[in-house]
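These protein sequences, in sequence, are chains A and B.
Read in order, the letters of the first sequence are residues 1 to 150 in the numbering used here.
Read in order, the letters of the second sequence are residues 151 to 451 in the numbering used here.
Hints should not be assumed to be uniformly reliable.
Here are some, though not all, of the chain B residues that point toward chain A, as calculated from beta-carbon distances under 10 Å [claimed, not checked]: (1) Ala240; (2) Val254; (3) Asn398.
Derived coverage of chain A by chain B (criterion: at least 3 residues anywhere in the stretch with Cβ under 8 Å from a Cβ of chain B; other residues may be distant) [stated by the list, open to error]: (4) 17-23; (5) 27-34; (6) 108-121; (7) 125-133; (8) 136-144.
Think of the hints as simulated: they come from the structure by calculation, not from any bench.
In this text, a Cβ means the ideal position worked out from N, Cα and C, and glycines have one as well.
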Amino acid sequence: MIRTTARMLMAILRATIPLVLLAGGIVSLVYGVSRHSAVVSVEQEIEIDLAAPAGVAPPGFEGAGFPGLGPPGDGIGPPGDGFVDPALAGPPPWMAPPPELSKVKQKVILTEDTSELTLIREVTFGGVTRLSSGVLWRTYTGVPPSLCPT
Amino acid sequence: MADLYRRPAVVVPYVSQVSPVMAPMAKGNSIPLSARLARWRVWVQAAFALVWLDPLALRMHTVCSPVFHCYSCPLALFACPIGVLANFSALHLVPYVALGTLVVVGVLVGSFICGWVCPFGFLQDLIGRIPTRKFELPSWLGYGRYVVLASLVLAVPYFFGEEHPLFFCRVCPAGALEAALPYTASTAIGGSIVWPSAAKMIIFGLVLVAMFFTWRPWCTLLCPLGAIYGLCNRVSFLFLKFHPERCNDCDLCRRLCRYHGSSERRGDEMSCLRCMECTRCSAVTVSHVFQLQSEEERTTV
Numbered sequence: 001m002i003r004t005t006a007r008m009l010m011a012i013l014r015a016t017i018p019l020v021l022l023a024g025g026i027v028s029l030v031y032g033v034s035r036h037s038a039v040v041s042v043e044q045e046i047e048i049d050l051a052a053p054a055g056v057a058p059p060g061f062e063g064a065g066f067p068g069l070g071p072p073g074d075g076i077g078p079p080g081d082g083f084v085d086p087a088l089a090g091p092p093p094w095m096a097p098p099p100e101l102s103k104v105k106q107k108v109i110l111t112e113d114t115s116e117l118t119l120i121r122e123v124t125f126g127g128v129t130r131l132s133s134g135v136l137w138r139t140y141t142g143v144p145p146s147l148c149p150t
Numbered sequence: 151m152a153d154l155y156r157r158p159a160v161v162v163p164y165v166s167q168v169s170p171v172m173a174p175m176a177k178g179n180s181i182p183l184s185a186r187l188a189r190w191r192v193w194v195q196a197a198f199a200l201v202w203l204d205p206l207a208l209r210m211h212t213v214c215s216p217v218f219h220c221y222s223c224p225l226a227l228f229a230c231p232i233g234v235l236a237n238f239s240a241l242h243l244v245p246y247v248a249l250g251t252l253v254v255v256g257v258l259v260g261s262f263i264c265g266w267v268c269p270f271g272f273l274q275d276l277i278g279r280i281p282t283r284k285f286e287l288p289s290w291l292g293y294g295r296y297v298v299l300a301s302l303v304l305a306v307p308y309f310f311g312e313e314h315p316l317f318f319c320r321v322c323p324a325g326a327l328e329a330a331l332p333y334t335a336s337t338a339i340g341g342s343i344v345w346p347s348a349a350k351m352i353i354f355g356l357v358l359v360a361m362f363f364t365w366r367p368w369c370t371l372l373c374p375l376g377a378i379y380g381l382c383n384r385v386s387f388l389f390l391k392f393h394p395e396r397c398n399d400c401d402l403c404r405r406l407c408r409y410h411g412s413s414e415r416r417g418d419e420m421s422c423l424r425c426m427e428c429t430r431c432s433a434v435t436v437s438h439v440f441q442l443q444s445e446e447e448r449t450t451v
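Only chain A is shown next, with the shape it has when bound in the complex:
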């Protein structure tokens, strides 16, 4: 009985190192799958809408002679024939509908928190590199390459 117990203890002792290593491997695997990530910078081209701000009277706008609305005229008096008060001819320019939006493409640098599983896939085709500054950089935009660069 004692001998059997001793042999069992010896077997357990022999198995201790493999068991510890196995546990460490499993922990590493689980941590890598579920927790580990890295910040990867990526340059992306985005479209920005450019337009003049609407709803604000442009500076220098001058109306039909009223204070603040136009140049000083001859004061009070009926207008002559054919005179059209520009203030009544239509909406002032600052009330007109906003001009057409112009789209401008601009490159910006975004950062993404990338999981290790995604990183594994990325390195299979050289999708991530490390710059001399230490920044992890995605080497492509859009469709990833199909082959690694080596």
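Knowing the structure of chain A, use the given hints to seat chain B on it.
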């Protein structure tokens, strides 16, 4: 002592031809299960190769496989752990998934992966069956695997990045065979041929020629994955156990070993690929750490 461990000049070409002659030399009478399984090894290797070649085109490249198979291969199911280690070293990141995979598999079965599962080893075994004279290389050359692991897989990527010409993937023969050559062929069909790097192709050519004249030259001399599993051999749950009380110095175990792993008759020898051919000798058996045994029986460590 030197004579005792002197190896034959030519490694026995095929075990089954020798077994009837050699069997009486061993003291055991019945063929153990491991030895019977060893006869099916080539089929097990073929079955695993079929898995790694991704017949269903799943391309699960977020997962590391435990074998040496280039992930740029158009027929690769998983990511290569050595490629991931090298690339993560270049990124200065710890590859927890790859390390975890290698440690778990290595601790469970050690280099059984090399002998039974790895597709690149299987290819070398197939080429090795071509009847050419096989030369035996000095066993100390096996330490080259650790040099490759420490330098080309870890140090060079870490200090010089993946652009360095000695970055492991740039010289990997498996990458040359499984990725570069198919890519070159596809570009040639397309009309504008893109040649792979000269260094990669030269190394692949050398390894390919060596496959004809020695068993598994890549695995036994240079494979960094084999180096990792070789280290795990010392602590794995499954291991090959040598029973000195059954040994009559017939040299059968060393004659059966194509890969020179049992040069010291130690089943946990780091260069052992665990093909289990040597278990045809009753002095070598497959064992596990939970097996109850007396200390004098356990002589593998």
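To see whether the hints hold, each was checked on the structure:
Taking 10 Å as the C-beta contact cut-off toward chain A, the hint placing Ala240/B at the interface holds, the least distance being around 6 Å. At about 4 Å, the closest approach between the beta carbon of Val254/B and any beta carbon in chain A falls short of 10 Å, and the interface hint on this residue holds. With a least beta-carbon distance of about 27 Å to chain A, the hint placing Asn398/B at the interface is violated under the 10 Å criterion. With 4 residues bearing a CB less than 8 Å from a CB of chain B, the stretch 17-23 of chain A meets the requirement of three and the coverage assertion stands.
Taking a C-beta to C-beta cut-off of 8 Å, the stretch 27-34 of chain A contributes 7 residues in contact with chain B, enough for the three needed, and the coverage statement holds. Here the stretch 108-121 of chain A counts 6 residues with a CB under 8 Å from a CB of chain B, which clears the bar of 3, and the coverage holds. Only residues whose beta carbon comes within less than 8 Å of a beta carbon in chain B count, and the stretch 125-133 of chain A has 5; three or more means the coverage holds. For the stretch 136-144 of chain A, the proposed coverage by chain B is not satisfied: 1 residues have a C-beta within less than 8 Å of a C-beta in that chain, short of the threshold of three.
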